[in-house]
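Asks: Below are the chains, spelled out letter by letter.
2 protein chains.
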Amino acid sequence: MTTSAPIRLRVFSLNCWGVRYLSKNCSERFALIADLLTQEQLDIVLLQEVWCEKDFLFLKKKIGNVYPFSHHFKSGFIGSGLAVFSRHRIHDAFLYRYSLNGYPYMAQHGDWFGGKAVGKVLLNINGLAVHVFVTHLHAEYCREKDSYLPHRVVQAWELQQFIRHTSAGADVVVLAGDLNMHPEDLGTRLLRNYTGLRDSFSEATHFDGCEEGFTHISENPYTHTDALVPFGGGVRIDYILFKGSGEVDVSCESLSTTKGPVPGQPFPYSDHEALTAHFLFTPTKKGNGCSEREFGCVSDKLPELVNMVNEARTEVKVGLHCSERMRHTAARTGIMGLVLLALELAIAAVPLFALGAEQPFPKASFYLLGALCFAILLSTLMLYVFHCMELKALQGTEEQMRLALSSLQERVKECPKAQSSDRLRSPLDAEDSGLL
Amino acid sequence: MTTSAPIRLRVFSLNCWGVRYLSKNCSERFALIADLLTQEQLDIVLLQEVWCEKDFLFLKKKIGNVYPFSHHFKSGFIGSGLAVFSRHRIHDAFLYRYSLNGYPYMAQHGDWFGGKAVGKVLLNINGLAVHVFVTHLHAEYCREKDSYLPHRVVQAWELQQFIRHTSAGADVVVLAGDLNMHPEDLGTRLLRNYTGLRDSFSEATHFDGCEEGFTHISENPYTHTDALVPFGGGVRIDYILFKGSGEVDVSCESLSTTKGPVPGQPFPYSDHEALTAHFLFTPTKKGNGCSEREFGCVSDKLPELVNMVNEARTEVKVGLHCSERMRHTAARTGIMGLVLLALELAIAAVPLFALGAEQPFPKASFYLLGALCFAILLSTLMLYVFHCMELKALQGTEEQMRLALSSLQERVKECPKAQSSDRLRSPLDAEDSGLL
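Protein chains in written order, with this note's numbering: chain F, 6 to 441; chain P, 6 to 441.
Hints are not guaranteed to be accurate.
Note: identical chains are not told apart, hence a pair may lie in one copy or across any two.
Stated by the list, open to error - Only pairs whose alpha carbons sit at most 30 Å apart, straight line, appear in this in silico BS3-like list of lysine-lysine:
1. Lys29 <-> Lys264
2. Lys59 <-> Lys322
3. Lys65 <-> Lys418
Simulated from the structure, these hints should not be mistaken for lab results.
Could you build the full structure based on these sequences and the hints that come with them?
Replies: See the structure below:
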């Protein structure tokens with residue numbers, strides 16, 4: 006099936022900041038993005054934060070002649086914001102919605118309403134099965150006191166699980182998106198090391214773009230510059246990751262990013278910078294036609310992985326404690342509401358028992374108190390249900406991590422070399438360390 | 006890696022009806038189930054409706070010496086109810102929660118609170134990668150007027166997608182669970198035909214159990230017999246499905262079910278019957294070490310699949326209309342609540358404008374009306390958000406189905422034989438028709 010000629014593939018990724026009525030110059034920027042995409046004639050375009058169906062349809066109409074195949078992933082209240090445009094037929098699309106994604110009552114952050122997820126599309130490029138993933142993880146609003154960290158770690162865990170489990174039949178895997186994590190953050194390391202995905206920024210032969218590959222920079226007029234000062238004027242939180250298989254060698258020939266303001270244009274494409282990666286697929290003859298097996302002792306990164314999973318488990322446990330505390334608070338407040346209600350009913354009963362006695366409590370306050378009781382009971386009930394669900398998701402992940410750890414430790418025992426040769430191989434070998 | 010000797014595997018599946026305080030004889034039945042499992046010495050035990058962590062821990066303690074590896078999948082408010090016990094190490098566990106699963110306000114049915122899902126565990130049995138799936142779909146409360154049908158069709162669609170996408174690296178795939186669908190229901194056909202999974206009931210060389218393989222029978226004292234009369238005293242809604250790969254031939258040597266009341270015991274194991282399947286894995290040499298490729302033109306069932314996906318799409322569209330109607334109702338009721346509130350505020354403003362005038366409206370009714378307005382606004386807001394999310398999930402599935410259809414139609418065009426040879430092959434060839 007596989008062609009023997011090398012294939013070039015150009016992949017584009019951008020967080021479009023498409024929050025209608027809130028993002029600045031939204032429709033003008035989508036028009037700019039459409040022009041850029043038409044002009045660039047890429048193979049696959051992976052977009053995040055295309056929240057509004059209208060904007061997706063606008064893009065589809067404008068660039069449909071260049072990219073005849075497209076898919077908009079639906080999820081949550083607003084949508085997942087994920088969209089794919091492709092010059093190659095999309096054979097299949099599949100969405101995995103993360104089990105945790107912030108809190109509905111944190112409406113000012115809004116992540117919960119977005120139903121964040123990872124979308125997968127399946128392409129057949131000259132007979133090669135190319136599995137393309139696009140995702141967007143929960144935003145980081147305060148790095149010093151990041152209350153969403155456990156949620157983001159759970160998302161990173163589910164992301165690596167989804168990719169590992171669904172790409173065993175892939176010749177090439179590409180993942181792009183806004184991970185909202187720095188390159189050395191726990192979630193990024195977990196993702197890279199568990200899946201064997203390589204970072205196009207560190208692998209690209211040529212790089213043209215912002216300093217250190219930053220994708221969220223202070224030069225961008227839409228960015229709040231203060232938050233970026235401690236990081237040297239920018240952070241790298243958008244990625245294009247990739248890996249080949251026994252069937253295909255994949256190399257990244259070049260990576261480029263946009264650089265804030267667009268010359269000759271009144272505004273930039275988004276508050277993030279866009280990434281474009283050029284890949285070269287070289288079909289090999291060494292492969293047996295399928296990817297690494299699950300139980301192969303292929304990795305010499307096992308001890309590192311064990312540490313990483315342990316670290317992630319600790320983070321999830323922190324989340325568990327917070328969630329338990331919140332659930333207790335909800336339960337206690339609910340009980341308080343019940344006590345208040347009982348008290349009120351007791352007061353209401355006074356005229357019944359002491360016949361002829363007047364109601365001692367002013368009526369207005371009485372009804373207001375009743376309404377308050379019901380509001381407390383209803384909201385604490387909902388909070389209790391929500392935090393129970395959060396707790397279940399955290400417990401589930403923690404148990405999956407425990408399972409993974411015991412399996413990894415078993416493999417460390419079976420492969421004594423894994424215990425000694427850690428960190429001896431070059432980053433270029435990372436692909437072989439995929440644990441698929 | 007693969008051993009060349011044939012392997013026998015015994016798989017057990019039971020919906021345990023473990024609803025604490027509601028199911029009859031719950032803890033006594035779990036003790037009976039533990040005895041049965043200890044006595045039977047199976048390889049893999051796949052349980053549904055183990056809702057309570059305590060019951061899972063009880064089983065774990067009682068049968069842990071026979072089944073040292075176990076996993077309880079967490080999800081939703083109550084849990085997913087799914088549990089796995091195994092004599093073989095569980096290397097990895099992964100959970101996919103269905104995007105739709107009933108309505109939170111249908112508390113009497115309770116499915117929404119269960120967070121129904123499909124769980125996957127990865128076993129390595131003598132070097133073979135055995136991917137084991139366990140699931141439980143939304144219950145069917147009224148077959149004639151089944152308002153949950155679109156949700157169940159979406160679940161069946163997501164189930165087949167999850168299995169297809171995650172089992173490309175599998176040597177053997179086993180799926181067991183309570184599908185809440187009859188053998189010829191749309192969802193069951195979709196699942197079997199899309200994944201190539203074979204039904205152990207139709208494939209087993211020996212069968213010992215209830216007539217027609219029924220798993221929910223009128224002889225069971227916990228069953229409401231009336232509902233089963235139109236179906237001849239029972240329905241088959243629990244399944245063990247399986248398939249091999251290029252690497253391994255899988256055959257089902259026997260299948261048995263329990264038959265309602267347990268002789269010598271005061272009550273049956275559950276309101277469902279348990280299934281036990283004996284499989285024989287025969288490693289082949291014909292394989293190339295991996296499963297079918299995604300783009301192979303291996304299926305002569307393409308036209309049938311096209312029809313089935315079309316049928317499923319129609320069902321999802323029905324759901325879309327219902328969901329849209331419900332969203333409109335929520336929006337309209339919310340607007341009514343707003344109008345009421347505005348009216349009340351206008352009444353409240355009377356004494357302000359007409360100085361000296363008395364409040365014309367009795368105070369008690371005034372406050373009650375206010376509370377009613379807030380209750381209407383809050384509940385319609387939540388309903389609106391919920392139905393928006395339902396709509397998004399249905400739209401997403403409908404679009405995935407449309408994609409799948411166009412891809413299938415493309416393949417029908419490429420394989421002219423598919424257009425003519427439909428239904429000519431025996432059911433035993435079903436495995437080859439997997440579309441992975």
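Asks: Taking each numbered hint in turn, which are not upheld by the structure, reported in ascending numerical order?
Replies: none
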